[in-house]
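Given the sequences, and given the hints that come with them, work out the whole structure.
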Amino acid sequence: MQREGTVHRRGLRLRRGPILLALLFVAALADYWLYPLCVSPDVPSPNYGENALWLRYTWYFGQRSGADLHRLAHDLRVLEIRYAYFHVRLVNREGKLVYRYPDPARRLVRTLHRLAPKVKVLAWVYAGNVRAGGLVDLDDAAMRSNMVGEALWLTQTCGFDGVQWDYETCRDGDPGLLELLRETRAALAPRKLLGVAAAPWLPWHRWGWGWSEGYFGEVARECDQIAVMCYDTGMHWPRWYAWLLGQECRRVPVAVVAANPHCRVLLGLPTYGRGVPAHNPRAENLPLALVAVRNTLGSRPLSPALAGVALFADYTTEPAEWDAYERLWLAR
Numbered sequence: 212m213q214r215e216g217t218v219h220r221r222g223l224r225l226r227r228g229p230i231l232l233a234l235l236f237v238a239a240l241a242d243y244w245l246y247p248l249c250v251s252p253d254v255p256s257p258n259y260g261e262n263a264l265w266l267r268y269t270w271y272f273g274q275r276s277g278a279d280l281h282r283l284a285h286d287l288r289v290l291e292i293r294y295a296y297f298h299v300r301l302v303n304r305e306g307k308l309v310y311r312y313p314d315p316a317r318r319l320v321r322t323l324h325r326l327a328p329k330v331k332v333l334a335w336v337y338a339g340n341v342r343a344g345g346l347v348d349l350d351d352a353a354m355r356s357n358m359v360g361e362a363l364w365l366t367q368t369c370g371f372d373g374v375q376w377d378y379e380t381c382r383d384g385d386p387g388l389l390e391l392l393r394e395t396r397a398a399l400a401p402r403k404l405l406g407v408a409a410a411p412w413l414p415w416h417r418w419g420w421g422w423s424e425g426y427f428g429e430v431a432r433e434c435d436q437i438a439v440m441c442y443d444t445g446m447h448w449p450r451w452y453a454w455l456l457g458q459e460c461r462r463v464p465v466a467v468v469a470a471n472p473h474c475r476v477l478l479g480l481p482t483y484g485r486g487v488p489a490h491n492p493r494a495e496n497l498p499l500a501l502v503a504v505r506n507t508l509g510s511r512p513l514s515p516a517l518a519g520v521a522l523f524a525d526y527t528t529e530p531a532e533w534d535a536y537e538r539l540w541l542a543r
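Under our numbering, the sequence shown is numbered contiguously, ending at residue 543.
Simulated from the structure, these hints should not be mistaken for lab results. Every residue, glycine too, gets a C-beta built ideally from N, C-alpha and C. Just to be clear, a hint being listed does not mean it is correct.
[Claimed, not checked] Here are the simulated distance ranges between beta carbons:
1) R432 x R321: 27 to 37 Å
2) S356 x G509: 15 to 25 Å
3) S510 x R321: 18 to 28 Å
4) S510 x G425: 33 to 43 Å
5) H473 x G425: 14 to 24 Å
6) G277 x R493: 11 to 21 Å
Have a look at this one:
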């Protein structure tokens with residue numbers, strides 16, 4: 212009888228294992244689907260009208276009408292966008308801009324300065340890292356010199372208020388980016404902004420994507436603004452992505468303000484569906500991101516380094532997402 216009781220208890224334990232696993236699976240699945248629907252802001256919005264937007268190259272190329280420019284100026288004012296990053300495309304293997312459109316660029320800048328005078332109009336320049344399959348090697352002094360020359364052309368000839376270097380993929384601790392920033396800062400006029408589109412802080416460095424707090428501080432010493440690209444993070448679970456955004460809010464501004472009190476941080480949030488495998492729009496989406504940022508910042512004093520959010524991008528943001536931005540961030 213004792214042996215039969217022992218066998219019975221063992222059988223119960225063996226049956227409990229699959230049941231517990233099944234319950235855990237159901238709970239995880241429910242969290243995956245319900246968390247984005249249930250999470251909501253529970254604190255006032257920390258928006259101060261210092262937000263940003265990445266915009267498509269068609270503006271720089273002159274492929275938009277005068278009416279489009281007027282409408283854009285109106286939208287930037289209403290949506291409280293302070294920094295407009297206009298894509299001027301990329302630099303080649305010599306560090307020179309592949310596309311030069313000075314007349315449309317001057318028209319763009321003049322129109323926005325007139326109709327939306329508070330907006331800073333920046334040239335967003337993509338530089339693909341040769342170590343990640345691109346054309347740019349920032350260890351090459353001649354290439355950096357050419358890139359600095361292009362930054363001068365964009366700010367002096369075209370009239371842009373500054374330049375944002377988008378060096379991808381920039382590995383944590385890369386000295387080449389620091390050199391480029393130092394040389395660019397030394398060449399630019401004092402009132403011209405120097406910005407960086409930065410990888411996010413990550414608890415690991417996935418394929419070179421992800422910076423440490425120390426490197427954020429090093430970059431901050433050499434520039435005026437860091438726009439953290441908080442997407443393509445590999446955080447496929449909505450709750451994990453919300454946690455990551457909380458970490459960006461806590462870690463990056465603290466590291467930046469300690470290194471350079473004058474440098475400002477913007478959190479780049481995604482508004483696109485399909486993307487690389489590291490992007491899951493169920494997790495990485497604008498409404499969830501805005502709620503996560505808002506609740507994190509509302510639960511602690513706002514770092515003076517954190518200016519606002521930056522949306523990526525004008526050409527992927529749907530009307531429902533603009534509605535979410537106005538409701539969740541602008542609090543309208």
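Against the structure, the hints come out as follows:
1. The beta-carbon spacing between R432 and R321, approximately 33 Å, falls within the hinted interval of 27 to 37 Å.
2. Range check, S356 to G509: Cβ separation about 45 Å, and the 15 to 25 Å hint is violated.
3. Take S510 and R321: their Cβ atoms lie about 43 Å apart, and the range 18 to 28 Å is violated.
4. Roughly 25 Å separates the CB atoms of S510 and G425, a value that falls outside the hinted 33 to 43 Å.
5. In this structure the supplied range 14 to 24 Å holds for H473 paired with G425, their Cβ-Cβ distance being about 19 Å.
6. For G277 paired with R493, a C-beta distance near 40 Å fails the hint of 11 to 21 Å.
Going through the hint list in order, the structure does not satisfy hints 2, 3, 4 and 6.
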